[in-house]
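Got chain G; can you put chain H on it based on the hints?
Number of protein chains: 2
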Amino acid sequence: MKNKIYEELVERSKEIQRYQGILTLLHWDQETCMPAGGITARSEQVAQLSAFIHEQRTSRSFKALLNKLVYINTGRPKVKHLSRTQQACLREWSRDFWRATKLPASFVKTFSQVTSEASQIWAMAKKDNNFKLFAPFLKKIIELNQQKAEIWGFEDHPYDALLEAYEPCMTSQRVSHIFDGLEHEIKHLLNKIQDAKKIDHRFLQKTVSEEKQKEIGKWIMSKMPVDESYTRLDISSHPFSMAIHPCDSRITTRHVPNAFMSNIFSVLHESGHSMYEMGLPAEQWGTPLCEAASLSVHESQSRWWETLIGRSLPFWKHHYPELQKILPSHLQHVSLEQFYRAINHVAPSFIRVEADEVTYCLHIILRFDIEKRLISGKLAVQDLPDAWNAKFKELFGMTPPTNAQGCLQDIHWSLGDFGYFPTYALGNILAAQLFVPFAKHHPNWEEQIKKGDLAFIREWLKENVHRHGRLYSLDEIVKKVTGKPLSEAAYCHYLKKKYSEIYHLHDVHHGQGEKSAAARLH
Amino acid sequence: MKNKIYEELVERSKEIQRYQGILTLLHWDQETCMPAGGITARSEQVAQLSAFIHEQRTSRSFKALLNKLVYINTGRPKVKHLSRTQQACLREWSRDFWRATKLPASFVKTFSQVTSEASQIWAMAKKDNNFKLFAPFLKKIIELNQQKAEIWGFEDHPYDALLEAYEPCMTSQRVSHIFDGLEHEIKHLLNKIQDAKKIDHRFLQKTVSEEKQKEIGKWIMSKMPVDESYTRLDISSHPFSMAIHPCDSRITTRHVPNAFMSNIFSVLHESGHSMYEMGLPAEQWGTPLCEAASLSVHESQSRWWETLIGRSLPFWKHHYPELQKILPSHLQHVSLEQFYRAINHVAPSFIRVEADEVTYCLHIILRFDIEKRLISGKLAVQDLPDAWNAKFKELFGMTPPTNAQGCLQDIHWSLGDFGYFPTYALGNILAAQLFVPFAKHHPNWEEQIKKGDLAFIREWLKENVHRHGRLYSLDEIVKKVTGKPLSEAAYCHYLKKKYSEIYHLHDVHHGQGEKSAAARLH
Chain G
704 MKNKIYEELV ERSKEIQRYQ GILTLLHWDQ ETCMPAGGIT ARSEQVAQLS AFIHEQRTSR
764 SFKALLNKLV YINTGRPKVK HLSRTQQACL REWSRDFWRA TKLPASFVKT FSQVTSEASQ
824 IWAMAKKDNN FKLFAPFLKK IIELNQQKAE IWGFEDHPYD ALLEAYEPCM TSQRVSHIFD
884 GLEHEIKHLL NKIQDAKKID HRFLQKTVSE EKQKEIGKWI MSKMPVDESY TRLDISSHPF
944 SMAIHPCDSR ITTRHVPNAF MSNIFSVLHE SGHSMYEMGL PAEQWGTPLC EAASLSVHES
1004 QSRWWETLIG RSLPFWKHHY PELQKILPSH LQHVSLEQFY RAINHVAPSF IRVEADEVTY
1064 CLHIILRFDI EKRLISGKLA VQDLPDAWNA KFKELFGMTP PTNAQGCLQD IHWSLGDFGY
1124 FPTYALGNIL AAQLFVPFAK HHPNWEEQIK KGDLAFIREW LKENVHRHGR LYSLDEIVKK
1184 VTGKPLSEAA YCHYLKKKYS EIYHLHDVHH GQGEKSAAAR LH
Chain H
704 MKNKIYEELV ERSKEIQRYQ GILTLLHWDQ ETCMPAGGIT ARSEQVAQLS AFIHEQRTSR
764 SFKALLNKLV YINTGRPKVK HLSRTQQACL REWSRDFWRA TKLPASFVKT FSQVTSEASQ
824 IWAMAKKDNN FKLFAPFLKK IIELNQQKAE IWGFEDHPYD ALLEAYEPCM TSQRVSHIFD
884 GLEHEIKHLL NKIQDAKKID HRFLQKTVSE EKQKEIGKWI MSKMPVDESY TRLDISSHPF
944 SMAIHPCDSR ITTRHVPNAF MSNIFSVLHE SGHSMYEMGL PAEQWGTPLC EAASLSVHES
1004 QSRWWETLIG RSLPFWKHHY PELQKILPSH LQHVSLEQFY RAINHVAPSF IRVEADEVTY
1064 CLHIILRFDI EKRLISGKLA VQDLPDAWNA KFKELFGMTP PTNAQGCLQD IHWSLGDFGY
1124 FPTYALGNIL AAQLFVPFAK HHPNWEEQIK KGDLAFIREW LKENVHRHGR LYSLDEIVKK
1184 VTGKPLSEAA YCHYLKKKYS EIYHLHDVHH GQGEKSAAAR LH
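First to last, the sequence lines map onto chains G and H.
Using the numbering used here, read the first sequence as starting at 704 and increasing by one per residue.
Using the numbering used here, read the second sequence as starting at 704 and increasing by one per residue.
Don't read these hints as lab results, they were simulated from the structure.
Every value quoted in this text rests on a predicted model; they were computed, and no experiment measured them.
Treat the hints with care, as some may be off.
Incomplete in silico selection of chain H near chain G, CB under 7 Å [stated by the list, open to error]:
no., residue
1, ARG721
2, GLN748
3, ARG935
4, HIS948
Calculated pairs, SDA-like style, for lysine to any residue (alpha carbon to alpha carbon, straight line, at most 20 Å) [to be verified]:
no., chain 1, residue 1, chain 2, residue 2
5, H, LYS921, G, PRO738
6, G, LYS1201, G, TYR1043
7, G, LYS917, H, LYS921
8, H, LYS717, G, ILE742
9, G, LYS1020, G, PRO1146
10, H, LYS917, G, SER912
11, H, LYS771, H, ARG798
12, G, LYS917, H, GLU913
13, H, LYS1153, H, GLU1204
14, H, LYS926, G, PRO738
15, H, LYS717, G, GLN751
Backbone N, C-alpha and C fix where the C-beta goes; we use that ideal spot for every residue, glycine too.
With the rest of the complex left out, here is chain G (with noise of 0.2 Å):
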């Protein structure tokens, strides 16, 4: 229906998301492009227009527009025949302007002082190993994020309210209830892994010249299912996508000299959140409608994509003769075998961003139980380290040799970003649910991606999520595309016959938790 007013709001929002835009592109040039010296003159542009674009966001023109329309505290409409894209619009609308404006002015304002500082200070400290240098802003950090929770409100736990802020759908006792599952099963199967034969990987470290993984990048670009035309692959010292529109959705990778495969997965799980913001509705753009749904539908996006396809046998039967070429010497006298269950070797190490898939989750789960007890103040910051490290060894059953390579390991916390975490575990739980009704509909999947196809699986991907922009919630998609409740069964049932075959562990395969996932999964 056409409503003047409304019409309004998403030219106010349009005009908004350009200046939203132009942020990214600062930040994209700082991390890819900017010369060293540029950084104090960028700091001050950045912060600037962030400032401007949050007085934008909260104006009291825009909230009187939006009051007009709906209640802003329920996001329910006001008026009537509005479509249904117009009430979802004013509903998240309405969601981001209650959180950009209940924080007090003084309170976003020590809460970025405090953070940019700590992101500084974080960054000696993990160089240094010095817990203690970084302890007391750590210490402030908590106590603006549990004030942060008290002004955002919650019913259980000051957690939640951190939490909804990355996933709106989540609570932290689902994700404890999802996390217990998937712990006891990747702890089961890591077991029978570790009892069993260790799989050579040495020849993936060998190392390959700046030259050949700009070749490797490149190559593995060109085989996503994208038009070039909308994206572009820079090398940065972290990898990361970022979307100015879905016409325009760059993604970054990074060369490190002895582990080429580093390179590969970091194109295709970039591409995967590239694809994501590609996919949502170019003609809703400038509304929540051409927004990513939540930062797991995100996650979720990219490791379908590096892991469910990148590390599967059918992706890399197709592509390994390629690679073989690209990288002779490394590669020449290894078999497809051989190279499949390298890259698919498990091993439990200290740092997460180093994690297999296997013991990946373990990670997130260690943080949540952390960051848990942190912001209920159940523990002390000083005590952080004897409790990392404990619960490391309870998980992993070895202990950190470092704080560094312990608790210090994460940019998070010094950005103030507690709550974020989950979402890593919980787009890895999504996309191996999403895969079964995916698998369903296309049954032929891996024989098509045999044969280098692998437009079918964005197509269904946009289908299924992208399109919906946040129209949908995460437990929305999930019901409507998978029948059920998010659940890990999914994801452990994939684990758990994936591994099983890579280091033939019949009794898993066909144990007792396997049977019970697969008869929640049919």
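Same frame as chain G, now just chain H:
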């Protein structure tokens, strides 16, 4: 002197400059990195941010602050105890404000719409050699420029009002006077050169691979006396230089497969622009004192490095052996002298951007003549091709075979830029005139360059030109540095001396013209 209103103006000005820097990045990215699909979103971002910046620059609140300290129409201060730099800032702010507000908003909008469409039409017209397609747009643009001139006001000639926007010091009468002398001397020199023995330069046209072009670009860039952490080199279809800040000043070059010197001269030219921006006083950033004095002064810096240094024998004495090593199959059998003469060979051509040093200014003289006639109404658009070709014949002794190689070759008019071209020639002239005191101050300059030292040149330019920003006008800089008003004498002297040697023209070098020019110089 501390002045609260002045301080506030500085803060406002800095804020605007930050947005201006962001706008510069949008343009830079569009020409270098942006995926093709991003163009629509980018155009909208640019339009929105440009309009916002214009609003800020012309706001009532900015005017109110300015009005308290200065008479905006004249730039004269209203209050006492202002420092020299404060007075200069107020003068330049007033000038900018006056220019930005004098044109009615409706006029600015029309101008922007017409030129936006016209530049696209121009590209088609040039491609298809179809002047009639472009003619109605050019007619409209000329009418708009005539209106602009009326609004801005002028004493003698409407062209003066347009010229002043690019070069505040100049009137068409002064330019005519300088160009008349220049034309006379160049024609005389060109006649002699055309009678002399031709120089073989075919080895410069041998194809060079993309990879080698990249190596050449990086190599010549690394020779510039520039801190790499403040700049970067990219590839674009038309080379340009763009500064976001004195600490982030980027350049581009182009790769023409059968003209590798185009790559080298582009890097030298754009580095000259870039070093000017880097040499502006960063402590004054955000005010007009950290901006270039004028387009002519800017062009003097690029041409200084491209021609006076980059086409000189001492420069290549040092660098040629390295270039030979990069391109052995092209250059190993070419002596330094052959190379030096080839890169300076003179041959009238139809295209301005491909012109050699001697004929370059004739292309500008042609455009200056045509522009004046178009703006005064003495030349009708429909008669432009004939007028262009007739004047071309008069200056170069040949007639362009097509309008694409004639009056349709440059983009400037389609963008609405009338009065811009003269600054290219004025830049050449200024560079040569500044070179005289430079050479006096560094009598061993040739020896130093032969040793590979270029830093002392940049230092001299920084001291005498860059660090002043807009504190001094072109006229004031020339007077201050050379003790004389701007004149073509030094440039003519330079051309005659250099090209008499290259073409062995003893009679020109010792002829009447040279003596009188030399007499004026010393």
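Taking only the CA atoms, is the gap from H/LYS926 to G/PRO738 under or equal to 20 Å? It holds: about 18 Å lies between the C-alpha atoms, which stays within 20 Å.
Does the closest beta carbon of chain G sit nearer than 7 Å to the beta carbon of H/ARG721? This interface hint holds because 5 Å falls under the 7 Å limit.
What's the verdict on G/LYS917 and H/LYS921, does the C-alpha distance respect the 20 Å limit or exceed it? Roughly 18 Å between the alpha carbons, so the hint for G/LYS917 and H/LYS921 holds.
Under the criterion that the straight-line Cα-Cα distance not exceed 20 Å, is the pair H/LYS921, G/PRO738 satisfied? OK: H/LYS921 and G/PRO738 at ~15 Å, within 20 Å.
Starting from H/LYS717, check that the Cα of G/GLN751 is at most 20 Å away, please. holds (11 Å)
Identify whether the interface hint at H/HIS948 stands, where standing means a beta carbon of chain G within less than 7 Å of its own. Holds. Min distance 4 Å.
Run the distance test for H/LYS771 versus H/ARG798: straight-line Cα separation, threshold 20 Å. holds (15 Å)
Pair hint outcome, H/LYS917 versus G/SER912 [Cα-Cα no greater than 20 Å]: holds (19 Å)
Holds or violated: G/LYS917 and H/GLU913, Cα atoms, limit 20 Å. Satisfied, since the Cα-Cα distance of roughly 16 Å is no more than 20 Å.
Would you settle whether the hint for H/GLN748 is holds or violated, based on the nearest Cβ-Cβ distance to chain G being less than 7 Å? holds (5 Å)
Is the hinted pair H/LYS1153 and H/GLU1204 satisfied, with a Cα-Cα distance of at most 20 Å? Cα-Cα ~19 Å, so holds.
G/LYS1020 and G/PRO1146 were given as a pair; does the straight-line alpha-carbon distance stay at or below 20 Å? Roughly 18 Å between the alpha carbons, so the hint for G/LYS1020 and G/PRO1146 holds.
Checked against the numbered hints given earlier, the structure satisfies every one of them.
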